[in-house]
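Colleague: Single-letter residue listing:
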Amino acid sequence: MADLHFTDAVATDGEKAAVDLALGENSGLSLEGERVVRGGASRRRGLRHLLLPALHALQKESGWISPGGLNYVSEVLQVPPAESYGVASFYEMFRVDTEPGHDDDVVHVCIDAACRIDGADDLIASLEREGKHVHRSPCLGQCERPPAVFIQGRKKPDLVPADDDPFELPQAGDEGLRLLKRVGVVDPTSLESYREHGGYEALTKAIDMGADEVLAAITDSGLSGRGGAAFPTGIKWTAVRDAEGDEKHIVANCDESEPGTFKDRLVMENDPFALVEAMTIAAVTTGATNGWIYIRGEYPQATGRLENAIAQARDAGLLGDDVAGTGKAFHLEVRRGAGAYICGEETALFNSLEGFRGEPRNKPPFPTTNGLFDQPTVINNPETLLNILPIVLDGAEAYRSVGTDGSPGTRLFCVSGRVATPGLYEHAFGATLGEIIESAGGASGQVQAVLLGGAAGSFVTADSMDLPLTLEATREAGTTLGSGVVMVFNDDDDMADVCQRIAEFFKNESCGQCVPCRVGAIRQHEMIVAIGDRPMPADKRELHEDMVQVMADASICGLGHTAASAIKSALALGLIGANQ
Amino acid sequence: MTVTETAVTISVDGNDVSVPEGATILDACTAAGIDTPTICYGPTLTPVNACRVCVVELEGSRTLVPSCSRPAEEGMVVSTDSERVNHSRKMVLEFLGSGVDLSQADELNEWSAKYGAQPDRYDNPERMNEDVKIQDDLYVRDYDKCVLCYKCVSACGDDAQHTYAISMSGRGFGARIATEFDVTLPDSACVYCGNCVAVCPTNALQFKTEFDLREAENWRPEDQSVTTTICSYCGVGCNLELHTQDERIVKVTSPDDHSVTWGNLCIKGRFGWQYVHGDSDD
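Those protein sequence lines, which keep their order, are chains V and U. Our numbering numbers the first residue of the first sequence as 13 and each following residue consecutively. Our numbering numbers the first residue of the second sequence as 86 and each following residue consecutively.
Just so you know, the hints here were simulated from the structure itself, not pulled from any lab data. Please read these numbers as outputs of a predicted model, since none were measured by experiment. Fair warning: there could be bad hints in the mix.
With a straight-line cut-off of 20 Å between C-alpha atoms, the simulated EDC-like cross-links for lysine to aspartate or glutamate are [what the hints assert, rightly or not]:
(1) 175(U) x 406(V)
(2) 168(V) x 220(V)
(3) 72(V) x 116(V)
(4) 552(V) x 205(U)
(5) 375(V) x 142(U)
(6) 218(U) x 109(V)
(7) 199(U) x 25(V)
(8) 375(V) x 106(U)
(9) 175(U) x 551(V)
(10) 167(V) x 25(V)
(11) 375(V) x 144(U)
(12) 375(V) x 158(U)
(13) 293(U) x 229(U)
(14) 175(U) x 554(V)
(15) 552(V) x 211(U)
(16) 175(U) x 256(V)
(17) 375(V) x 112(U)
(18) 375(V) x 229(U)
Bound-form chain V, shown alone (with noise of 0.2 Å):
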């Protein structure tokens, strides 16, 4: 291939041979001569897509992205090698500095806030201890059980050790229930036990209705995006519907990173038939005909039990060239994300699935005009996508009953930390803090702060417990509900650490794309270190305040824009920094 120059490096036999197992009918090397590397946007399509599979391959084969591996990848792909070597540098999962050394697993443990509180230490000293390769990570959305562990097999599938442990939702039995209400009751790897429970009924009541009357529904039910951002769903998937283009996407934005928010894993691990579903449904309204669920690569059961629904459902003739008779196409797969927080951001995932970096993209335009692979598309956060099953079988009408007028229905709930006991809560939009806190048995100890919305979110004190968490109280309050977080911290923790960590986080998280993120994250981090549990000097609080601002005012994407509300908020609560 005249067009791609390549070092001598060559992959092994079994390289070879996992990437072509992971690539399916699209391996080897059927190119041979042509000219096909394209520039501009001809270079979004060929096979570029299934670069991060390939990636994922080689790192379970050799246990890193080896030169060799990396230019077998590059040429079955063609795709330039210091393309293919920047994606790969990219994510957490992937290592590319060294040979490692060793044939053995990588055991991932959570540092971020609920599992450090918790025990991590002390896990990663005894596994270290114990000869195991530990790799220090970021949330894994596990925190209703820290610490939270997560190995990435070698030669062998990934595992989550607490998978094993039987599931129970909190509030199993609970009337009130709409999202969570087969969680812990279906099985969630049978589309009859979920078709027993009601399940495919808004599909067909969809079809009956006609993409009209269903943009109406969700229109008139006021439901807006679960992802962090409330962006109005009716509006999004109307957007869509009317674009013009050939082909359209629908993508669930699997890739649950915000550090505490763990309900997407698990609805997609009890309940994956809903989300697949509601895709469909998705699909039929708007006239898409491709489905994508991106999803983090520390999700193995997650992933394993929607590739299984998918199966299921493509055998019964709901997913495939004709969905339920209505000679409508849907095909949906899905795609493993490889350890970054900003693929979580809807354009970096695009980039990221596409087979580029995961950074993000600049708006105008909107991925409902130009989304994946430069197309409209639909990207929803799967607890978003669940509402769409009431809206449509119950009416707008009757979702509205519950929840105020400004948050309409039901939310769910991430409860971590220092509560009796940790878990996914689903609560009607309007219930306070202090109500949802003593739902999950409440707070064990003297409450000294509670994280709202996750990282990007912002602390509360225990002043807040009346603040009824709905988007336009909290919008009030200068808070976010975010991703759902609530994790409580006592008064034997040390903020001034777990500050540290949230800024360490971000510094880490940043794509590095702009400036005032890339240099903005790793100056707090320094700050914020430097400070300790000491009193913040006035001229560090002033260049705080203009990090903050900067960061808000002029980075690309919503991770720079709120890498500094939680520490602005500690600070101004004296969490940390204070005089004393």
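For this one, chain V is given, so just place chain U on it according to the hints.
Modeller: Relative to the frame of chain V, chain U by itself:
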């Protein structure tokens, strides 16, 4: 190229400015005679809007917007001199100054002075901390001076050369421009066109001739003259600008607005000039 142009009128700092449809806010600012700082923007490159120094305030937008990439739309109301705009520009320049060697980034330093950047406000800031890479006789890569503006990546890739020898690698503050596994340029796909060097805003990429003269403390831009000629190697007709000092060629560029090159050259035009000097040992 014949285009039937529709005009779009926007307000910039209270004055109406008309630009052709498809023009950016930056184009409108330029048309209005407003000097806008840019780092990652280049007239021949697709905007990546990564540096954020060209941000302006757009009425109705929660955040500031990058003027280099945002198309002007009828009725937009833009402020380029507001407190927020000046604050962000100052902070971007200050952030860069706190971690990057800007000693040869003259234009950037002028803006830093204009906007009042104070890079010394930070205690022990981590810096790029990179050694100079000298791997051949043509280029020097000094990533201690790199602001990660992506211009070299764009010039090597989709916007000019389609060689793709370099990419952004890593993440966050650890992000660096690199070949695969950081192999040397001679081992990479590099074809030594020098188009990356031509677009670098901070001299992180420079020609070896310039580097050697700077090392010898004999780089004297004020004593240099530029002669425009046409490359003698093939029939394409690329315009060359021969930069000479002490009657020796020290650098070759091509004008950004030249309709044949748009600033780009190949290895022959860029580096094949030693014969001019007639030195048998060159």
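Colleague: Next step is simple, just say for each hint if it's right about the structure.
Modeller: These are the hints, each one checked on the structure:
1. 175(U) x 406(V): violated (54 Å)
2. 168(V) x 220(V): With a Cα-Cα distance of about 45 Å, the restraint between residue 168(V) and residue 220(V) is violated, given a limit of 20 Å.
3. 72(V) x 116(V): Roughly 11 Å between the alpha carbons, so the hint for residue 72(V) and residue 116(V) holds.
4. 552(V) x 205(U): holds (12 Å)
5. 375(V) x 142(U): holds (15 Å)
6. 218(U) x 109(V): It holds: about 19 Å lies between the C-alpha atoms, which stays within 20 Å.
7. 199(U) x 25(V): violated (59 Å)
8. 375(V) x 106(U): Distance ~19 Å between residue 375(V) and residue 106(U) Cα, so the pair holds.
9. 175(U) x 551(V): Roughly 17 Å separates the two Cα atoms, so the pair holds.
10. 167(V) x 25(V): Status holds; Cα separation ~14 Å.
11. 375(V) x 144(U): holds (16 Å)
12. 375(V) x 158(U): holds (14 Å)
13. 293(U) x 229(U): Distance of about 16 Å is within 20 Å: holds.
14. 175(U) x 554(V): Roughly 15 Å separates the two Cα atoms, so the pair holds.
15. 552(V) x 211(U): holds (17 Å)
16. 175(U) x 256(V): Not OK: residue 175(U) and residue 256(V) at ~41 Å, beyond 20 Å, violated.
17. 375(V) x 112(U): Holds: residue 375(V) and residue 112(U) sit about 19 Å apart, inside 20 Å.
18. 375(V) x 229(U): Roughly 31 Å separates the two Cα atoms, so the pair is violated.
Hint check: violations occur at hints 1, 2, 7, 16 and 18; the rest are consistent with the structure.
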